[in-house]
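Residue numbers (the working numbering), protein chains in the order written: chain V, 1 to 92; chain A, 1 to 92; chain W, 1 to 92; chain B, 1 to 92; chain H, 1 to 92; chain D, 1 to 92; chain S, 1 to 92.
Note that these hints are calculated values from the structure, not bench results.
Where is the CB? At the ideal position from N, CA and C, for every residue including glycine.
Please note that the accuracy of each hint is not assured.
[Claimed, not checked] Pairwise CB distance ranges, derived in the manner of DEER restraints: (1) Pro17/B <-> His75/S: 35 to 43 Å; (2) Glu28/B <-> Glu28/A: 23 to 31 Å; (3) Ser50/V <-> Thr68/B: 43 to 51 Å; (4) Glu41/V <-> Leu40/S: 38 to 46 Å; (5) Thr68/B <-> Asn3/A: 38 to 46 Å; (6) Asn57/S <-> Lys86/D: 34 to 42 Å; (7) Lys86/D <-> Val85/B: 12 to 20 Å; (8) Met70/H <-> Ser50/V: 40 to 48 Å; (9) Glu28/A <-> Ser76/V: 40 to 48 Å; (10) Met70/A <-> Met70/W: 54 to 62 Å; (11) Val85/S <-> Thr68/H: 47 to 55 Å.
[Unchecked claim] In silico SDA-like links for lysine to any residue, alpha-carbon gap of 20 Å or less: (12) Lys86/B <-> Ala62/A; (13) Lys5/W <-> Asp18/H; (14) Lys5/S <-> Thr6/D; (15) Lys86/W <-> Glu54/H; (16) Lys45/A <-> Asp78/B; (17) Lys5/B <-> Val85/D; (18) Lys86/B <-> Thr6/A; (19) Lys5/W <-> Glu28/H; (20) Lys5/W <-> Glu81/V; (21) Lys5/V <-> Ala66/V; (22) Lys86/B <-> Asn3/B; (23) Lys5/S <-> Ser36/S; (24) Lys86/W <-> Asp56/H; (25) Lys5/S <-> Pro31/D; (26) Lys5/D <-> Asn57/D; (27) Lys86/S <-> Pro31/D; (28) Lys5/B <-> Ala65/B.
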Amino acid sequence: MVNVKTIILDVLKPHQPDGLVFATAVAEQTPGCRVSLSVLEVDEKTESISLRVEGDNISYEAIAAAITGMGATVHSIDEVEAVNVKASSEPG
Amino acid sequence: MVNVKTIILDVLKPHQPDGLVFATAVAEQTPGCRVSLSVLEVDEKTESISLRVEGDNISYEAIAAAITGMGATVHSIDEVEAVNVKASSEPG
Amino acid sequence: MVNVKTIILDVLKPHQPDGLVFATAVAEQTPGCRVSLSVLEVDEKTESISLRVEGDNISYEAIAAAITGMGATVHSIDEVEAVNVKASSEPG
Amino acid sequence: MVNVKTIILDVLKPHQPDGLVFATAVAEQTPGCRVSLSVLEVDEKTESISLRVEGDNISYEAIAAAITGMGATVHSIDEVEAVNVKASSEPG
Amino acid sequence: MVNVKTIILDVLKPHQPDGLVFATAVAEQTPGCRVSLSVLEVDEKTESISLRVEGDNISYEAIAAAITGMGATVHSIDEVEAVNVKASSEPG
Amino acid sequence: MVNVKTIILDVLKPHQPDGLVFATAVAEQTPGCRVSLSVLEVDEKTESISLRVEGDNISYEAIAAAITGMGATVHSIDEVEAVNVKASSEPG
Amino acid sequence: MVNVKTIILDVLKPHQPDGLVFATAVAEQTPGCRVSLSVLEVDEKTESISLRVEGDNISYEAIAAAITGMGATVHSIDEVEAVNVKASSEPG
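Could you build the full structure based on these sequences and the hints that come with them?
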């Protein structure tokens, strides 16, 4: 079974809700996760942010829905880390 | 429950109160926190500082109130780290 | 016996399937492995990615088949780490 | 209670007393502290130094008095680290 | 007795055999070793690689023979680490 | 009591005695110390070196005397680390 | 007693003997030592190397003799680390 452990997204968001509310709303989508938000560039009405989500079995759909629900858009999936958890002892 | 662990703010402050008084006043808002203040740029009447607050359940409102109460303004929230603390064993 | 522990590939992929689906599909080829995907450059119809696979006895054939099965091509094998596991105590 | 743990000062000092005497005199102000002095720039009659003081409950007033008592001036407080020590178990 | 622990070679190789086969073949020369291959530059018919072999009592002759046996040439020995294992207590 | 733990000196020395003899002679001044000498620049008759002395209660006078006794001169004291060892439990 | 622990030499050597033979021959001079050789620059008939020898009570004379015995010359002693081993409890 493959477990997605880390996703880093490049996101364009309006200034409101602010980064604190934004990161908190994303973190609510994944129990046990850690969300790190860094502002990359600030424009008049928007800001580009890098959003790193680390956890277990991260659901991209849930995160993306939270992002678009706040008026922001996912520009790109920049990094993904996925781990194949050896469940049984079958050979590769 | 989402717990805000780190906030990094870009702040414009007058020279007085000095960085020591400023960092101490911010630290008083969050029991158990650690505040790191770095001066980024010094102008004639003001200075830009980066203010990093690490702790548990940091209240941005309390910090922002302390900052504006000393005549300074928050330019931007540069980084946020939020952790979703798994309270019960419900699936994500 | 030689055990391939790490392979880093330079891959050109279409935008779909996205990086999340792509990394997950590659991870499914090797029980116990860890796949890290980083986007290097985005063009109109394609994106260049670096794909790092770490594990035990990684099968390049299985990974390459998964990659080409998603419409992508391996540009180059950029790094390889191989370990010679001492099975018996024969001298080198 | 807020405990100042680190202060980094930008100081302009005459060549005498030398850096060794200077650092020692500053260290005498705070029991248990560690003082690191680095010369940044040397001019004809003065030198710019960075002075890092780490310890517990550092008194800026005592340090500043030692500095000015040796004919030097504090140009700026460059960094401050302050920790809010949780004394009782009251919630934040 | 001197034990060669690490050799880093600059090698020019044809595209075939690929890096995976190449690193595996080199690793077969030294029981217990770890081979890391990194591609430095790709040309039309050849590629420059850096080949790091770590292990115990590495035999350069065996490695070089494997390399030339695959149609590649050692450009230079870039780094060597050799350890003098104290066998008896004779003074240096 | 203040204990000088580290001194870094910028020294101009003639080519003879060589760096090995020089570092050894400086090390002889402080029991338990570690001396690191790095050549920064070589000129026709002299060389600039950085000399780092780490230890307990380093005596700058003894080190400087050894340096000048070998025909070299201390250009500047570049860094100093001094620790205030808490002897009794008196408050700061 | 002062113990030389590390010497880094800048050496000019002919292409033969190669770096492997060269590092091995140097390592033979000091029981328990570790020799690291890095090629810095390659010319038509010679190559510049950096040679790091780490050990206990390294004898520069023995190392230099081995180097010149292979037709190479020590350009400069670039770094030296010497430790003053506290033998008795006499004060500094």
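Hint-by-hint comparison with the structure:
1. Distance hint check for proline 17/B and histidine 75/S: the Cβ-Cβ separation is about 40 Å, which falls inside the suggested range of 35 to 43 Å.
2. For glutamate 28/B and glutamate 28/A, the hinted distance range of 23 to 31 Å is satisfied, since their beta carbons lie about 29 Å from each other.
3. The hinted range of 43 to 51 Å is satisfied by serine 50/V and threonine 68/B, whose Cβ atoms lie roughly 45 Å apart.
4. The hinted range of 38 to 46 Å is satisfied by glutamate 41/V and leucine 40/S, whose Cβ atoms lie roughly 41 Å apart.
5. Remark: the range hint 38 to 46 Å for threonine 68/B to asparagine 3/A is upheld by a beta-carbon distance near 44 Å.
6. In this structure the hint that asparagine 57/S and lysine 86/D lie 34 to 42 Å apart at CB holds, the actual value being about 37 Å.
7. The beta-carbon spacing between lysine 86/D and valine 85/B, approximately 18 Å, falls within the hinted interval of 12 to 20 Å.
8. Take methionine 70/H and serine 50/V: their Cβ atoms lie about 43 Å apart, and the range 40 to 48 Å holds.
9. Between glutamate 28/A and serine 76/V the Cβ separation comes to about 41 Å, which falls inside the hinted range of 40 to 48 Å.
10. Here the CB-CB span from methionine 70/A to methionine 70/W is close to 56 Å, well matched to the stated 54 to 62 Å.
11. Restraint check, valine 85/S to threonine 68/H: a C-beta distance of roughly 49 Å satisfies the suggested window 47 to 55 Å.
12. Straight-line distance between C-alpha atoms of lysine 86/B and alanine 62/A comes to about 17 Å, which keeps the hinted pair within the 20 Å bound.
13. Only pairs whose Cα atoms come within 20 Å are accepted, and lysine 5/W paired with aspartate 18/H is accepted, the gap being roughly 16 Å.
14. Distance check on the hinted pair: lysine 5/S and threonine 6/D sit about 19 Å apart at the alpha-carbon level, within 20 Å; holds.
15. A hinted pair counts as satisfied when its Cα atoms are at most 20 Å apart, and lysine 86/W with glutamate 54/H qualifies at roughly 14 Å.
16. Distance hint between lysine 45/A and aspartate 78/B is fulfilled; the C-alpha atoms sit about 16 Å from each other, no more than 20 Å.
17. For the proposed pair lysine 5/B and valine 85/D, the alpha carbon gap of about 16 Å is at most 20 Å, so the pair holds.
18. Between the alpha carbons of lysine 86/B and threonine 6/A the distance comes to roughly 17 Å, so the proposed pair stays at or under 20 Å and holds.
19. For the given pair, lysine 5/W sits about 14 Å from glutamate 28/H by alpha-carbon distance, which is consistent with the 20 Å threshold.
20. A C-alpha spacing of about 17 Å is found between lysine 5/W and glutamate 81/V, which places the hinted pair at or below 20 Å, so the restraint holds.
21. At roughly 18 Å between alpha-carbon atoms, lysine 5/V and alanine 66/V fall within 20 Å of each other, so this suggested pair holds.
22. A distance of roughly 11 Å separates the Cα atoms of lysine 86/B and asparagine 3/B; the hinted pair therefore holds under the 20 Å criterion.
23. Between the alpha carbons of lysine 5/S and serine 36/S the distance comes to roughly 14 Å, so the proposed pair stays at or under 20 Å and holds.
24. The straight-line distance between the Cα atoms of lysine 86/W and aspartate 56/H is roughly 12 Å, inside the 20 Å bound, and the hint therefore holds.
25. Using a Cα cut-off of 20 Å, the hinted pair lysine 5/S and proline 31/D holds, with the two alpha carbons roughly 16 Å apart.
26. Straight-line distance between C-alpha atoms of lysine 5/D and asparagine 57/D comes to about 6 Å, which keeps the hinted pair within the 20 Å bound.
27. Using a Cα cut-off of 20 Å, the hinted pair lysine 86/S and proline 31/D holds, with the two alpha carbons roughly 5 Å apart.
28. Our distance criterion of 20 Å between C-alpha atoms is met by lysine 5/B and alanine 65/B, whose separation comes to about 18 Å.
Every hint from the earlier list agrees with this structure, and none is contradicted.
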